[in-house]
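**Q** One line per chain: the protein sequences are A and B, in this order. My numbering numbers the first residue of the first sequence as 1 and each following residue consecutively. My numbering numbers the first residue of the second sequence as 128 and each following residue consecutively.
Because the hints were derived from the structure by calculation, they are not lab data.
Interface residues of chain A toward chain B, partial, derived using beta-carbon atoms under 8 angstroms:
{"id": "1", "residue": "A26"}
{"id": "2", "residue": "Q70"}
{"id": "3", "residue": "N102"}
Output of the computed footprint for chain B on chain A, the stretches with three or more beta carbons under 8 angstroms from beta carbons of chain B:
{"id": "4", "region": "27-40"}
{"id": "5", "region": "43-50"}
{"id": "6", "region": "75-89"}
Where a beta carbon is used, it is the ideal one built from N, C-alpha and C, also for glycine.
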Amino acid sequence: MRLQASMIGWAALLLAAPLAAHHAQAPFFDQNTEVEIEGIVTRFDFRNPHPVLYVDVTNDSGDVEEWQIQFANATGLRRRGWHKDIIGPGERIRASGHPSWNPETHGLQGRRVLKEDGSVLGAPVED
Amino acid sequence: MSIRHPGRQRARLGSVAGAAVCVVGALASPVFAQEQLPVGPPPAPDLTGRYAPLTCGPNGATCPFIVDDLKLTNVGRKMWEAYEEIIGPKFDCAQATPPSLFADPFRWAIHQLTDRVVFEYEKDDIIRTVWLEGWPHDEPGAYDASWQGHSHGYYDGEELVVVTTRYQYDPHGIEDFGGIPSSTQKRVTERYRRDGDRLHLQALTEDPLILEEPIYFEFEYLAGPDPLILPYDCQLDQARFPTQYADPRRGTSLADFGGRDPDLVPLGVSELERRARQAEE
Numbered sequence: 001m002r003l004q005a006s007m008i009g010w011a012a013l014l015l016a017a018p019l020a021a022h023h024a025q026a027p028f029f030d031q032n033t034e035v036e037i038e039g040i041v042t043r044f045d046f047r048n049p050h051p052v053l054y055v056d057v058t059n060d061s062g063d064v065e066e067w068q069i070q071f072a073n074a075t076g077l078r079r080r081g082w083h084k085d086i087i088g089p090g091e092r093i094r095a096s097g098h099p100s101w102n103p104e105t106h107g108l109q110g111r112r113v114l115k116e117d118g119s120v121l122g123a124p125v126e127d
Numbered sequence: 128m129s130i131r132h133p134g135r136q137r138a139r140l141g142s143v144a145g146a147a148v149c150v151v152g153a154l155a156s157p158v159f160a161q162e163q164l165p166v167g168p169p170p171a172p173d174l175t176g177r178y179a180p181l182t183c184g185p186n187g188a189t190c191p192f193i194v195d196d197l198k199l200t201n202v203g204r205k206m207w208e209a210y211e212e213i214i215g216p217k218f219d220c221a222q223a224t225p226p227s228l229f230a231d232p233f234r235w236a237i238h239q240l241t242d243r244v245v246f247e248y249e250k251d252d253i254i255r256t257v258w259l260e261g262w263p264h265d266e267p268g269a270y271d272a273s274w275q276g277h278s279h280g281y282y283d284g285e286e287l288v289v290v291t292t293r294y295q296y297d298p299h300g301i302e303d304f305g306g307i308p309s310s311t312q313k314r315v316t317e318r319y320r321r322d323g324d325r326l327h328l329q330a331l332t333e334d335p336l337i338l339e340e341p342i343y344f345e346f347e348y349l350a351g352p353d354p355l356i357l358p359y360d361c362q363l364d365q366a367r368f369p370t371q372y373a374d375p376r377r378g379t380s381l382a383d384f385g386g387r388d389p390d391l392v393p394l395g396v397s398e399l400e401r402r403a404r405q406a407e408e
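Looking at chain A on its own, in the form it has when it is part of the complex:
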């Protein structure tokens, strides 16, 4: 399910999350749009230069789409306490961020990820 970020009050509780990188994001993600997704984690690649969280999201038509949430570099995240097992397959998450430009893709420049228990994934990061 794809939601608008402003729809849900708990978004205000979320902390700033990892987004920046060593290259410009504007050509890849729409910096003026923020969306939310909710789904089930299938994989987490915690590697440089950009860790990626894979999430199965059921869209409004009932079909499952694979979304990829891209984060800042793993080095900075590791300094904040992230590690490769910080999240794993089967966990339900809600995430918000900037969507990818290419309509053929389901990428998200991750800003906030909330786990099912209400906790924020990792510590707030900006680098």
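Dock chain B against chain A, hints included.
**A** Just chain B now, with coordinates in the frame of chain A:
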């Protein structure tokens, strides 16, 4: 603008003298060996340590990594306008280079050895070796332009001066967010000075093919005990991963996207201080 070079000759002579003392010491008889003569290079400022970026300036100004702030040659501007982010070699794990490297939000370290100074960066697993004048080392040959260039250095009082040339062409060698290239004419001069837990860097970047005027800026870094997080271990498949997200009909020219990301401009003193404090918490 230029960075002064006083004491360069003095440092070189001092290093040669130091080397000579080593040789003499090695040949000395046991009688003379009782009197320990000073050996090795002349006294050098202690810069060894690990550092985190703190501020960028000078004088509270934003870093020069904003295209409109740079005076590009016609060639430089045309190349920037033609640049597509998607062709950046960083998407194939190519290393960041000076001067962009100085602004990267990663930690790094200085290791001072007798004949060289080694700069070790978290970013891209970069190792830069600065050969100190007066000590033998292999000079690059005619075909030996490289990503990090060839660095010479010397101590000038309380400062370490590093001069690097022999860079290869780098599509984002002047500015790696906006895609301003550097040519094989790029020359970077760095001056490092430590004051307590602060390390100051003055950096001058010249490239007459790309820049009408050299770029000068200053950085301040905070020394700290935390180890570097290594290796960076850039993954080729992961590095190019984001490029699939570009809209092929629109392209990836940053000139069309208004330059750098709004989240990242300006990268001034207050922003870097905020990030540094956050990193130290």
